[in-house]
Amino acid sequence: MTLPEMKSKVMEEAQVRTQKRLAEGVYRLELSAPEHARHALPGQFVQVQVKSPGVFLRRPLGLAEADTESGSVALIYREVGKGTAALAALRPGEQVNLLGPLGQGFRMDVQHPLLVGGGMGLSPLLCYAQHLWRHGAQPEVLMGGRTAAELFWQDLFAPYAAAIHLTTDDGSLGRQGFVTALLPELLAEGGYDSVAACGPEIMMRGVAKVAQEQGLPCEVSLERRMGCGLGACLSCAIDTAHGRRKVCKDGPVFPAEEVFC
Amino acid sequence: MQDNLLSTSFCGIRMNTPVLTASGTFGFGEEFADFVALSRLGGVCVKGTTLAPRRGNEGVRIAETAGGAGMLNCIGLENPGADIFLQETLPRLTKYSMNIIVNISGSTPEDYGTLAEKLDVPGVAAIELNISCPNVREGGIVFGTDPRAAAQVTAEAKSHTGKPVIVKLSPNVTDIKVMARAVEEAGADAISLINTLLGMEIDIRTRKPVLGNVTGGLSGPCVKPVALRMVYEARQAVSLPLIGMGGITCWQDAVQFFLAGADAVAVGTANFVNPAVTMEICDGLEAYLQANGMKNIRELIGALEQ
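Protein sequence lines, in the order shown, are assigned to chains C and V.
Per the numbering used here: the first sequence = residues 1 to 261.
Per the numbering used here: the second sequence = residues 1001 to 1306.
If you are wondering where the hints come from, they were derived from the structure by calculation, not from laboratory data.
C-beta atoms are modelled at their ideal positions from N, C-alpha and C, and glycine is treated no differently.
Check the hints yourself; a few may be wrong.
Cβ-Cβ distance ranges computed for the label pairs, FRET-style [what the hints assert, rightly or not]:
no. : chain 1 : residue 1 : chain 2 : residue 2 : range
1   : V       : Gly1059   : C       : Pro159    : 34 to 44 Å
2   : C       : Ala162    : V       : Leu1198   : 20 to 30 Å
3   : C       : Gly171    : V       : Pro1225   : 56 to 66 Å
4   : C       : Ala23     : V       : Pro1225   : 35 to 45 Å
5   : V       : Ile1202   : C       : Asp169    : 29 to 39 Å
6   : C       : Asp67     : V       : Cys1250   : 42 to 52 Å
7   : V       : Arg1092   : C       : Ala149    : 16 to 26 Å
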């Protein structure tokens, strides 16, 4: 397996291969986008331009999968507004324009990380798990949802994870409670070398705190409204331990201690 | 070279094309180097610069609006300050051989003088006075809506620099002609217009303003007719060179601005949607000039038939 080549960003017309409903309001869009597939690193995102009336700006979406051999990338998204509704309306053969791959992804120099995610935050972690697995690492996954129905992600992660740990708010699947209910004991016993988290910010803060207590490096992937995705408009500027940074260009993945301080 | 069709001179600045990028929408240019031949642009108006660093506004800073025809922003002039720009950013930009126009903002007229003087250095092609930022409390739009204040700021900058001074006008005024004349009389070398229109959006679910700063600047295709009208009016009022901007997304829009009397155009929000849009506009303008038997863009400027 060769490492993805580092290359500059591109704009690419991507053709829809499949559009599949994964759960209520959640879709997986597979696109033929060889340039993106070749160069994408896990944790990076794309700015998607849907040519639909009423949609102007591009929409930032984390890459959920990237496969060099088939030249395809996949986006997993929840239909929440006009942009994602237009995405959900796309059918095989139709085109969208991708700008990317953008931003800084997750570190690849790990062997046994625990990936912790909730909701759509699991999407970039899936890409991470895939890449790690293909490079011989042994990622494990801890995923949390409100109910069992939200943990449809299990099947997607299964081929790329050494183990999958589950929590639900209502106890309908796995341990009852948030991911942070299970995290301390997992980290204490699992022999992990790092933690990566993506999901609601409150969850990521909780995960980062536990990881820090256990002395494990933790990366988090942040989400902000974006304009350009190129670091120009400053819509997504944040405070960090090293001063002002842009989520689109300097992130979206940051070491937790740089952004949660 | 085909770009001879588009080559022009603006305030004594040689430009390969009359297509520039608008401040705040194009960073420092380098962010777009993967998509744009920066030296082909007439110039890059870099992110608004102030004396001290500014962190900008809190909360949501950007929102799509106007049925997908516009965008609101309230960045609030986040920038590292003039000293960092001069020490770190500007040296990094020299390799691109582009005309760098530094957009400056101050809280007092004296700030504009100080900034203009600091930036009177090699590598800076011109200064653009932002007297119309709607997103900062102090200064900003006050200078842009009061003709006397606008004239004072212009004179202050002019007296502190040998660089061409371009004054960027706000559309949030009753009569743009009054503002244009005021800055012309105060010694401006050129005028750019328009900055954003003040706007607002409310989330009906939370009943709260969408933007962290409550109001913001409206840009994008929905403002183009307003911008075009104001360029047309300013052209009647002053003899200064004009940079027309506001909602330009394609070469056809640019042609309209030239016909209305703009000597150059700037592209803003459209850069977010298509980072290569300025190159497409240049190509389109060349084809249009050729198809109409014109030898240079100057033949198109102000060629509106009435």
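* Asked: Is the gap between the beta carbons of C:Gly171 and V:Pro1225 within 56 to 66 Å?
  -> holds, 58 Å
* **Range agreement (Cβ of C:Pro159 with Cβ of V:Gly1059, hint 34 to 44 Å)** => At roughly 41 Å between Cβ atoms, C:Pro159 and V:Gly1059 fall inside 34 to 44 Å, so the hint holds.
* In this structure, is the beta-carbon distance linking C:Ala23 and V:Pro1225 contained in 35 to 45 Å? -> With Cβ atoms ~44 Å apart, the hint holds.
* Asked: Does 42 to 52 Å hold as the CB distance between C:Asp67 and V:Cys1250, or does it fail?
  -> 35 Å Cβ-Cβ, so the 42 to 52 Å window is violated.
* Supplied distance hint 20 to 30 Å, evaluated on CB atoms of C:Ala162 and V:Leu1198 -> violated, 55 Å
* To do: Could you see if the CB distance from V:Ile1202 to C:Asp169 stays within 29 to 39 Å?
  => Once the Cβ atoms are compared, 31 Å apart, the range 29 to 39 Å for C:Asp169 and V:Ile1202 holds.
* Distance restraint hint 16 to 26 Å, applied to the beta-carbon atoms of V:Arg1092 and C:Ala149 -> violated, 51 Å
Hint compliance for this structure: hints 2, 6 and 7 are broken, all remaining hints hold.
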